[in-house]
Amino acid sequence: MVQTGDWVFVLSNADTLLFGLIVTVVLTLTSLSVGFLLGFPAGAIEVYGDGVLRRVVRVAGGLLRGTPIVVILLVLFFVVSISESAFITATVGLGLRSAAYQAQLFRGALQSVDDGQLEAARATGMGKLQAIRYVVVPQALRRSMPGFQNEFTIVLKDTSIAFAIGLAELLTQGYNLFTQSGRSTAVLEVFLVISAVYFVLTFLTNRGLDRVSDYYAIPSGESR
Amino acid sequence: MTLLRIDDVYQSYEAEQVLQGVSFDMQQGDVDVLMGPSGSGKSTMLRCINRLTEVDSGDIWLGDTHVTAPETDVNELRQDVGMVFQDFNLFAHLTALENITLGLKRVKGIHAEQAREQARDHLDQVGLGNQTDAYPAELSGGQKQRVGIARALAMEPKLMLFDEPTSALDPELVGDVVSVMEALAAGGMTMLVVSHEMGFARSAADDIHFLDNGQVVESGPPEQLFEQPEQDRTAEFLSGLQADGPQ
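Protein chains in written order, with the numbering used here: chain P, 1 to 224; chain B, 1001 to 1247.
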């Protein structure tokens, strides 16, 4: 039941939640960056690469997509112990998982660009890498925006799974509030506030990325 | 001076023989047209000349360059061979001007400002000086194809290849593109054109090569091929074209 005293309790501990919020935002950004830096080349390798490299990328991607994120984080932290820092572990885990999904996103976007574009670029004397970089990639990045928006919000919300390895992100900080002795009545208020914060973050992110998409959209006009 | 020499070129795609011993020469300044039914190998022949497609055997020479030699640098070769595509293939994310400057900057290493100036000149040349900032999707088919021609010309090629440049156009837009091509021909550009545009062939072509089943069935100047073809196969195909009107 919602009680005034519990609202006061939550608000008076806003700094605890604010700290969690900052960790959540930073973790989202670091994870997405790792995901992009690994996922984009991985997607390109799936489209243009061959041999061993492509096989490695495919198998790694398949494994990461086929493993629950909470398992990935627990294994990285408690079994492999890649780092004593829960933050670094969470960045690696969420980053690798996001890389696997972003690779698929970019693979689809790269493949959706008509072969004629690459051919025309090659016909003017550009090398394959130049043609991909200056002609195919700029179009593929634009087409991957809707999927990337999805991925952004998924990673944002999945940072809460770092709760499992004790990282002091937003959910963990909230949990720590109502598990203090005598504060268990604040559980509903804490979750309401946290949910609202996640919602606002997701909403603002999506609006922001919509703007970016519109700004870079290729003018189509009315074809005359 | 012989600019292009095609010598006994064979090419196959999977099990299918596409070109079966094609040979012909072009002098500098010549305008030749390849005609023939679909699947006869016309487009493949063009694509072998800038090595978008590799030959199985035979030789192609462009001036002193042995096009088909494995050690030939294809990126250098392609700067000498402009190509215009049936579906335009304009870079969709770039304006008309940027479509032209990209190659100038990235391939020829020309400074941005100078590249823009040259690109403007080439757009003027095809009558699109007022569309520099338009994106491909904002242009009509005829305008797109003229940008495509300007993009290829800007690289200052020795030879221009046209792969059915008017086939994807609405009939009323064909004329603009054909006039640009005629002006180019009159200006002395060496052009090899895959097209069934009889008007262009009559007005601009030095020779027409009629291809069927991957072989040159008959070659000759337009008046000879159109009026008195020696081969029945040529006569049959051309009468079909004339009955249907230009395609």
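Keep in mind that the hints were calculated from the coordinates and are not lab data.
Note that this is a predicted model, so its numbers are computed, not measured.
The reader is advised that the hints may include incorrect statements.
[To be verified] No more than 25 Å apart at the CA atoms, straight line, and that leaves these computed lysine-lysine pairs for DSS-like:
{"no.": "1", "chain 1": "P", "residue 1": "K128", "chain 2": "B", "residue 2": "K1105"}
{"no.": "2", "chain 1": "B", "residue 1": "K1108", "chain 2": "P", "residue 2": "K128"}
{"no.": "3", "chain 1": "B", "residue 1": "K1105", "chain 2": "B", "residue 2": "K1158"}
{"no.": "4", "chain 1": "B", "residue 1": "K1108", "chain 2": "B", "residue 2": "K1158"}
{"no.": "5", "chain 1": "P", "residue 1": "K128", "chain 2": "B", "residue 2": "K1158"}
[As the list claims (entries may be wrong)] For each label pair, taking beta carbons as the anchor points, the in silico distance ranges come out as:
{"no.": "6", "chain 1": "P", "residue 1": "P68", "chain 2": "B", "residue 2": "P1070", "range": "49 to 55 Å"}
{"no.": "7", "chain 1": "B", "residue 1": "N1130", "chain 2": "P", "residue 2": "G51", "range": "45 to 51 Å"}
{"no.": "8", "chain 1": "B", "residue 1": "S1179", "chain 2": "P", "residue 2": "K157", "range": "44 to 50 Å"}
{"no.": "9", "chain 1": "B", "residue 1": "E1156", "chain 2": "P", "residue 2": "I154", "range": "46 to 52 Å"}
{"no.": "10", "chain 1": "P", "residue 1": "V79", "chain 2": "B", "residue 2": "E1016", "range": "54 to 60 Å"}
{"no.": "11", "chain 1": "P", "residue 1": "T67", "chain 2": "B", "residue 2": "S1167", "range": "31 to 37 Å"}
{"no.": "12", "chain 1": "B", "residue 1": "R1202", "chain 2": "P", "residue 2": "P41", "range": "52 to 58 Å"}
All residues carry an ideal CB built from backbone N, CA and C; glycine is no exception.
Hint by hint, here is what the structure shows:
Between the alpha carbons of K128/P and K1105/B the distance comes to roughly 16 Å, so the proposed pair stays at or under 25 Å and holds. Straight-line distance between C-alpha atoms of K1108/B and K128/P comes to about 16 Å, which keeps the hinted pair within the 25 Å bound. Proximity of K1105/B to K1158/B is assessed by CA-CA distance (about 19 Å); at most 25 Å being required, the pair is judged to hold. Pair hint K1108/B plus K1158/B holds up; C-alpha atoms about 15 Å apart against a cutoff of 25 Å.
At roughly 23 Å between alpha-carbon atoms, K128/P and K1158/B fall within 25 Å of each other, so this suggested pair holds. Distance hint check for P68/P and P1070/B: the Cβ-Cβ separation is about 51 Å, which falls inside the suggested range of 49 to 55 Å. Here the CB-CB span from N1130/B to G51/P is close to 50 Å, well matched to the stated 45 to 51 Å. Taking the beta carbon of each, S1179/B and K157/P are about 59 Å apart, not inside 44 to 50 Å as hinted.
A hinted range of 46 to 52 Å holds for the C-beta pair E1156/B and I154/P, which are about 50 Å apart. About 55 Å separates the C-beta atoms of V79/P and E1016/B, a value consistent with the hinted range of 54 to 60 Å. Between T67/P and S1167/B, the C-beta spacing of about 51 Å breaks the proposed range 31 to 37 Å. For R1202/B and P41/P, the hinted distance range of 52 to 58 Å is satisfied, since their beta carbons lie about 53 Å from each other.
Hints 8 and 11, counting from the list given before, are not met by this structure.
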